[in-house]
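As they're listed, the protein sequences go chains W and A.
Reminder that position 99 of the first sequence reads as 98 in numbering that gives the first Met the number 0, one-by-one numbering, no gaps.
Reminder that position 248 of the second sequence reads as 247 in numbering that gives the first Met the number 0, one-by-one numbering, no gaps.
Check the hints yourself; a few may be wrong.
[What the hints assert, rightly or not] DSS-like mimics (lysine-lysine), calculated; alpha carbons at most 30 Å apart, straight line:
id : chain 1 : residue 1 : chain 2 : residue 2
1  : W       : K37       : A       : K294
2  : W       : K90       : A       : K280
3  : W       : K238      : W       : K525
4  : W       : K255      : W       : K147
5  : A       : K294      : W       : K74
6  : A       : K169      : W       : K3
7  : W       : K255      : W       : K418
8  : A       : K294      : W       : K147
9  : A       : K197      : W       : K79
10 : A       : K197      : W       : K144
11 : W       : K332      : A       : K169
12 : A       : K197      : W       : K147
13 : W       : K68       : W       : K79
14 : A       : K280      : A       : K294
15 : W       : K74       : A       : K84
16 : W       : K3        : W       : K74
17 : A       : K169      : W       : K333
18 : W       : K90       : W       : K3
19 : W       : K384      : W       : K255
20 : W       : K338      : A       : K169
21 : W       : K144      : A       : K280
22 : W       : K218      : W       : K68
23 : W       : K74       : W       : K90
24 : W       : K79       : A       : K84
25 : W       : K384      : W       : K332
26 : W       : K238      : W       : K332
27 : W       : K213      : A       : K294
28 : W       : K332      : A       : K294
29 : A       : K84       : W       : K218
30 : W       : K218      : A       : K169
31 : W       : K213      : A       : K169
32 : W       : K525      : W       : K391
33 : W       : K218      : W       : K3
34 : A       : K294      : W       : K90
35 : W       : K337      : W       : K238
36 : W       : K144      : W       : K79
If you're looking for bench data, these hints aren't it; they were derived computationally from the structure.
Listed below, chain by chain, are the residues.
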Amino acid sequence: MKEKLRPEDMSREERQPLVHLENEDLMPLPNPLDEPDKDHRWASLSAQARERYECILDDTSAVNIPQPKTPEEQKELVHKFLSGLDKLFTKENNWTFLQPLVLTMEHCAKCQTCSAACHIYEASGGNELYRPTYRSEIMRRLYFKYVKHGGLLSAWQHGDIQLNWPLVARLIELTYRCNLCRRCAQTCPIGADNGLVAHELRKLFSQEMGIAPKELHDKGSMLQLEVGSSTGMNPVVVKDNIAFIDEDTTERTGVKVETPWDVEGADVLLLHNAGEIMAWPENPGAFALVLNAAGITWTLSSELAAYDGINYGLWYDDAQFARVAIKHAEAAKKLKVKKIVVGECGHAHKALAVIADRILTGDLNIPRESSMTLLRDIVMSGRLKLDPSRNKFPVTLHDPCNLVRLMGVVEPQREIVRKICPQFREMWPHGVDNYCCGGGSGFAIMSGNNFQDWRFHVSGRKKLEQILNAFSDCLGPDTPKYVCAPCSNCKGQIRDMLAYYEMWDTHRILYGGLVELIVNAMEDVKPGYIQWEWH
Amino acid sequence: MMFMVSGVIVAAVLLFVIGSFARAIWYARHPIHLRWELYPVPHEDPRHVEHGGSYFEEVNWWTRPTRFNLLGEVRFMAPEIFFMKGLWEFNRVLWRRSFPFHFGLYLLIGTIALVAMAAVLDIVAPGLMAGGLGTGLHWLYTITGFSGAILAICGAAALLYRRLTAEDLKTYTTAGDVFNLCAFIVALGLLLTGLLFKGSDSPSTVSLFRAILTFDARVRIPGLLAVGLVLSALLAAYIPFTHMSHFIGKFFTYHAVRWNDHPLRRGSRLEQRLAEYLTYKPTWAASHVGADGTKTWAEVATTNPAEAKKK
């Protein structure tokens, strides 16, 4: 049952979740998932989770916030929140995003134009909790009340809100119900940015209160800064794994593949998302093969954090973000490479090429570019002999938000698939108007409690609809189909979602990267680089 | 009474100008933030703008000359400013109410400009104004004035009705929002009524305009018109202090945020400003940040908390 919520409800003292979703409430899916009663039932939160953590927002919990034991502890946490809120609006603490944040606080007209653009709001069947402005409205009321110290007149003008621990606890969870895809911001007539509000709140919770999902912080950015990669691979292990990938790729393709490490003066320092090395070794294998075949002088780096292009700080913590970006640039500086090329990882693209641009000053300002453009130039230059008939199966292209809407790399990947995939078809909408895969801003790697159920049923629903629609003319299991997702996190989300809905078993929908399609079409390579089996 | 009316109007206009400038300066003085652009960015090379692309689509983009496509920006901005193209595209229901309101206000601003022009011409070229030009101008500002007021009032009423009845807007509507829209309806309604019923013996619009600016107490202004003018002026003075000043905010949200794709170049002025920000001393309390108020931003960013933990 859909519940009508008001911003004031966030302060409700009772320990019940504010909303509960049923499959019947959600946006309908197309054939073959068009009957809600046949959809999977959501796994419930365990009694243990409900007992230990603050689970008072909705049906899931992403952050595992321990319940304060005493009213004093609650007060202390609220006090910390207020202190963080104040810091968010000072230049000393938040010069990085102060101006856009203040503009968004001051000028939202609450016209709700953004709501129609939000895939989470739409997929939830229009649940008020997930409306992009719901979270922002609470933040705005807090801003006018506590940061600008508006009195009664301000409350009359901007609305009032009661600040207590339940509100803070719910707000922490609610900042992790947004993919930060910023599709809402794109449609705002004024230019207000609800995605930014979620981003800034996440920063407040992490930087002031030390609260963040463990997948992003403890097992994410901290592990990367400790051993070198969020996968846990240290330099020795990663070199071993890459050597194995080289061997396997050589065997599969009949072309000798060798990955260079720490080559001083190379033209290109390639930055993979290390998740590829662990989960999709065919991707780094294909990169090595293509770059070698194109005659490019390239290298990987075995420096701490520099063989893993991820930068989870982008989603929740400026300090962690800057630290990892600097590590990446320092590795490139040490090797004296001409440029850094970011592999198939959307957030690594945006983190290093766009957001870190104003952190990497002086000799850390080493040129950074997308692998999409480099691959496009290689494919279009004729340096590789390509046979598109090897890719004679339906292919659709997912646009990672970080790469497209937030960086403007739209056409290079399309030029490639148009050239080498004769049955390419676009999703709708696509390009800068794309929908997030539902795994954005860290969700793809967050699976605690029953959070996966939420991201399959709600945040990923729109993408699933797009994929099914793109293949609506060939849904049968006799036609193998390929969702090309040139981003590691998107690939993870699409993999998990296709598996959850058994789309490979019943409809032969596979997913993978872009560079694999290139190798699959290379005449000099043994046919069948793309293996039609679930992985 | 005229002296008082003049005083309030001039003070209100001054307050509007000062308030607007103060807000613009407040925004402009914020530090340059990290890049946070959203594509499409209309000043990109036209080859990229077509599909929303950027210079990142070029191999070795930093070796190519930067092209700032001013025409692209103008092409985007003109329909956005004058016709609210974004709202038309993404929220047609609201556009039908919001466009008449805003366009009405534009016409009223245009009317003030036309009356000012007529007042100046009346002094510098009275001969011209006695002829066809004067008559033409009179009809023009009469038409823009009346149609502007009617459009703005109808738009504001329609917006108010929607705010109070549409479920998605109602939840977020505050007393302040209702007051703002009512203020437009009342102030412009009185102004319109005052103009309609000012009587044939009352001074002309141009004489009135001149009298207001010169504090000419000899000119007699009809009571209702005086109330309409004063309330409209007070409303204008109030705008810069509310979210309705989005005509200022929007400049920054577009030019400084959405479209700010300016890459950092070594030795640039931008780099100098960033160097200053890196000396700021943050005070975030979480232990992994390690910001104790003595370390600079640069020091925090180059400290590895994992290594500190090991020690």
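Discussion item. Holds or violated: W:K74 and W:K90, Cα atoms, limit 30 Å.
Written reply: holds (27 Å)
Discussion item. Given the hinted pair W:K384 and W:K332, is their Cα-Cα distance within 30 Å?
Written reply: Roughly 34 Å separates the two Cα atoms, so the pair is violated.
Worksheet entry | Distance restraint between W:K218 and A:K169, which requires alpha-carbon spacing of 30 Å or less | violated (43 Å)
Worksheet item: Do the alpha carbons of W:K68 and W:K79 lie within 30 Å of each other, as the hint requires?
Response: Holds, at roughly 16 Å.
Worksheet item: Are W:K332 and A:K294 close enough, with their CA atoms no more than 30 Å apart?
Response: holds (25 Å)
Discussion item. Between the alpha carbons of W:K90 and A:K280, is the straight-line distance 30 Å or under?
Written reply: holds (10 Å)
Practice prompt. Starting from W:K218, check that the Cα of W:K3 is at most 30 Å away, please.
Written response: The hint is violated at about 37 Å.
Discussion item. Against the 30 Å threshold, does the CA-CA distance of W:K238 and W:K332 hold or violate the hint?
Written reply: The hint holds at about 21 Å.
Fill in: Distance restraint between W:K3 and W:K74, which requires alpha-carbon spacing of 30 Å or less
With a Cα-Cα distance of about 29 Å, the restraint between W:K3 and W:K74 holds, given a limit of 30 Å.
Worksheet item: Taken at face value, is the distance from the CA of W:K147 to the CA of A:K197 at most 30 Å?
Response: violated (44 Å)
Worksheet item: Is the Cα-Cα distance between W:K525 and W:K391 30 Å or less?
Response: holds (16 Å)
Worksheet entry | 30 Å Cα cutoff - pair W:K384, W:K255 | holds (17 Å)
Going through the hint list in order, the structure does not satisfy hints 1, 4, 9, 10, 11, 12, 15, 17, 18, 20, 24, 25, 29, 30, 31 and 33.
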